[in-house]
Amino acid sequence: MFCINVDRLSKFYGSIKAVNDITLSVKSGQVFGFLGPNGAGKSTTIKLLTTLIQPSGGSLKILGIDAIKNPLQVRNKIGVVLQQPSYEPTLTVEKSLEKYGMMWDIPKSERKIRTEKLLNEFDLIEIRKKRNEDLSIGQRRRVQVAREFMHDMDLLFLDEPTVGLDPSARRKLLDYLKNKVNTGLTIFFTTHILTEAEYLCDEIAIIDKGKIIAVDTPTALKNRFGKEKTIKIHLLKNLQEIKSLLSGIVDCKIEFNTGTDITIHSTQSELVLMKILRILNENKIDIDDLSAVPTNLEEIFLKMVEENVSNY
Amino acid sequence: MFPIIRLVNRNLTISINPAFLLWQIIFPVIYIFIAGFAYSSLIQEVPFGSKGLAYPAFLASGMIGFNIMNSTLVSGIIIWNDRKYGMFEQIMSGPFTRPNYILSNICTIGIIGLVSAALIAVIGYPVFFDSIQFSLVTIPLIVFAAVTGSVLFGSIASIIATKLRSSEGFNVILNTAFLFFAFVSTAFYPASGAPEPLKTAFYLNPLTYLVDVIRAGIFGDITEFVILEMGILTIIATTLFIIATKLLTKLDF
Ligand SMILES: Nc1ncnc2c1ncn2[C@@H]1O[C@H](COP(=O)(O)OP(=O)(O)OP(=O)(O)O)[C@@H](O)[C@H]1O
Ligand SMILES: [Mg+2]
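As given, the protein sequences belong to chains A and B, one line each in that order.
With my numbering applied, the first sequence corresponds to residues 124 to 435, in that order.
With my numbering applied, the second sequence corresponds to residues 38 to 290, in that order.
Pulled out of the complex, with its shape left as it was, chain A reads as follows (with noise of 0.2 Å):
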């Protein structure tokens, strides 16, 4: 049922706790989003997770077996892009899949089926007698992401897949893989985007500071923050005096982040909205527009690290 089961793991570097005590389990058959901003442990977790690296502390269990123990064979069953750009320069991208393939031991016959496919699947048709060196860095993450299905696996890492990516490409290989884990397979995903992981993600953990501080669906970790809505107004004249006009609202956060945008936080956001409207107008200041969202994951994300800052 789960294909990962991670418990206290932790990596440090000399006094650098990289990923520090993280406990969690992902379910097969779905996609596992992992986010988090630069430096927080995601990169290197999944180098823990696919055995590149030993950790320091903790216990680790890919597709029932214990990764530890057998690293070989975990690896035999598991597919990884990782972070960095991964290529052949001199090879062509028709012969690096081919390659690719006969290094997973794919029968001839079928590594040629797999290229063509994955050629066609992945817009490469018109750059596959390009080396390697020769491509842009766009399409060297596609190569390199395309290659990685050449051969079968259980369990998919992907670790921001999509950085370099046009937003066209971003989609389609977005479609792509929500396509893989509707035929079985598991896919645990790095990014910082958050809209991505919005799109693909079944479950969501956010890390930071080698900690996971939130693990859930989106949808929940958006319920989680209840009721709360972000109203912005744009204002017609920059108003200097705005601050304290406003200053008497309670049940609400207000930033005034230039003289004429302001945005507030609040969970009762209709009353908050009628009390500006009311003192805006009562002083004949001009709205040029105004918006009121659900708070969306970005901002629930960025609270959740702000916060995590501040525990510290």
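In short, the hints are calculated from the structure, not lab data.
Hints may be right or wrong, so weigh each one.
Cut-off 30 Å, straight-line C-alpha distance, at most; resulting in silico cross-link-like pairs (DSSO-like, lysine-lysine) [as the list claims (entries may be wrong)]:
#1 K88(B) / K200(A)
#2 K301(A) / K200(A)
#3 K192(A) / K283(B)
#4 K426(A) / K334(A)
#5 K235(A) / K218(A)
#6 K218(A) / K121(B)
#7 K184(A) / K200(B)
#8 K287(B) / K253(A)
#9 K334(A) / K287(B)
#10 K235(A) / K121(B)
#11 K140(A) / K121(B)
#12 K200(A) / K295(A)
#13 K231(A) / K200(B)
#14 K252(A) / K121(B)
#15 K121(B) / K200(A)
#16 K287(B) / K332(A)
#17 K140(A) / K287(B)
#18 K376(A) / K426(A)
#19 K200(B) / K88(B)
#20 K283(B) / K200(A)
#21 K287(B) / K192(A)
#22 K345(A) / K355(A)
#23 K121(B) / K332(A)
#24 K184(A) / K287(B)
#25 K334(A) / K184(A)
#26 K355(A) / K426(A)
#27 K140(A) / K283(B)
#28 K303(A) / K218(A)
#29 K200(B) / K140(A)
Once you've looked at the hints, dock chain B with the ligands against the given chain A.
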């Protein structure tokens, strides 16, 4: 198929290209013919055991040793490129172990070394024709030299590759080391003509031992000293191989 064979397949695919073949095969052959005959007016005959060797034959046999050493550059370049272009991590996260990776590199250079030594021997055959003495031990001796030579110099190249991150540094150090090995050895000229300090330096150099063993094989003059040299080669190769393996196993990601 075994993991090591798959890695060797991949290593050969990425290493063999026209520039490499030119450097590995064409250049030594041209050198044997041009330099061999140009210098034979200066060096008429090289004393070798109980007989004398014509200089072109002496040079061609030395070139086989030089070539085995050079082919091990491939191993250093593979390791260095794999680290630079992320393939080392990628391979290590796949169905392979570190010993698989190291052994596949050694096999790769062994194959390249043997094939290029054989090619040079075949193409150079006319120049050693007179003095050649194939016997039952000839071929095993040359194979022994190719294998220990590959392991020995391959380990040196691997050690340097694991220690350096910049390509300039890597190329400069490896080329300097190999150039030094080549010229302070009996690969290109006999020790007997050289001044005393150089003569001693020749015998601090594993390439000299390698070339001596190859010559003993080709020209059929296996002395006690050659057997001692084989022992020394084996010890140095084993030690360096263990060091290289240790370093490669410790490489962090
Ligand atoms: N080999 C290493 N030696 C020392 N420190 C390391 C090593 N690898 C990672 N770290 C440290 O561990 C912490 C976590 O790094 P990690 O690469 O896991 O972050 P990340 O979440 O992947 O960040 P990013 O979003 O930038 O990729 C960082 O502080 C980093 O400096
Ligand atoms: Mg990272």
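Here's how the hints hold up against the structure:
Straight-line distance between C-alpha atoms of K88(B) and K200(A) comes to about 63 Å, which puts the hinted pair past the 30 Å bound. Of the pairs offered as hints, the one joining K301(A) and K200(A) holds, with about 20 Å between alpha carbons and a cut-off of 30 Å not exceeded. About 20 Å separates the Cα atoms of K192(A) and K283(B), which keeps this hinted pair within 30 Å; it holds. Our distance criterion of 30 Å between C-alpha atoms is met by K426(A) and K334(A), whose separation comes to about 16 Å.
Between K235(A) and K218(A) the CA atoms are separated by roughly 10 Å; this keeps the pair inside 30 Å, and the hint holds. For a cut-off of 30 Å, the pair hint linking K218(A) to K121(B) stands: about 20 Å separates their Cα positions. With a CA separation close to 34 Å, the supplied pair K184(A) and K200(B) exceeds the 30 Å bound. Distance hint between K287(B) and K253(A) is unfulfilled; the C-alpha atoms sit about 35 Å from each other, more than 30 Å.
Between K334(A) and K287(B), the direct Cα distance comes to roughly 27 Å. Compliance with the 30 Å bound is thereby established for this hinted pair. Of the pairs offered as hints, the one joining K235(A) and K121(B) holds, with about 28 Å between alpha carbons and a cut-off of 30 Å not exceeded. Using a Cα cut-off of 30 Å, the hinted pair K140(A) and K121(B) holds, with the two alpha carbons roughly 26 Å apart. With a CA separation close to 25 Å, the supplied pair K200(A) and K295(A) stays within the 30 Å bound.
Our distance criterion of 30 Å between C-alpha atoms is broken by K231(A) and K200(B), whose separation comes to about 37 Å. With a C-alpha separation of about 23 Å, the suggested pair K252(A) and K121(B) falls inside the 30 Å cut-off, and the hint holds. As the CA atoms of K121(B) and K200(A) are separated by approximately 26 Å, the hinted pair is consistent with the 30 Å bound. The straight-line distance between the Cα atoms of K287(B) and K332(A) is roughly 26 Å, inside the 30 Å bound, and the hint therefore holds.
Between K140(A) and K287(B) the alpha-carbon distance is near 20 Å, which keeps this suggested pair within the 30 Å criterion. Using a Cα cut-off of 30 Å, the hinted pair K376(A) and K426(A) holds, with the two alpha carbons roughly 13 Å apart. At roughly 45 Å between alpha-carbon atoms, K200(B) and K88(B) are farther apart than 30 Å, so this suggested pair is violated. Simply put, K283(B) and K200(A) have alpha-carbon atoms about 27 Å apart, close enough for the 30 Å limit, and the pair holds.
With a CA separation close to 18 Å, the supplied pair K287(B) and K192(A) stays within the 30 Å bound. Restraint check for K345(A) and K355(A): the C-alpha separation of about 19 Å stays at or below 30 Å, so the hint holds. Annotation: proposed proximity of K121(B) to K332(A) holds, straight-line Cα distance about 28 Å (limit 30 Å). For the proposed pair K184(A) and K287(B), the alpha carbon gap of about 24 Å is at most 30 Å, so the pair holds.
For the proposed pair K334(A) and K184(A), the alpha carbon gap of about 19 Å is at most 30 Å, so the pair holds. The hinted pair formed by K355(A) and K426(A) meets the criterion: a straight-line CA distance of about 17 Å does not exceed 30 Å. At most 30 Å may separate the alpha-carbon atoms for a hinted pair to count; K140(A) and K283(B) meet this at roughly 26 Å. For the proposed pair K303(A) and K218(A), the alpha carbon gap of about 24 Å is at most 30 Å, so the pair holds.
Restraint check: the Cα-Cα separation between K200(B) and K140(A) comes to about 26 Å, which is no more than 30 Å; the hinted pair holds.
Hints 1, 7, 8, 13, 19 from the list above are not met by this structure, while the remaining hints are.
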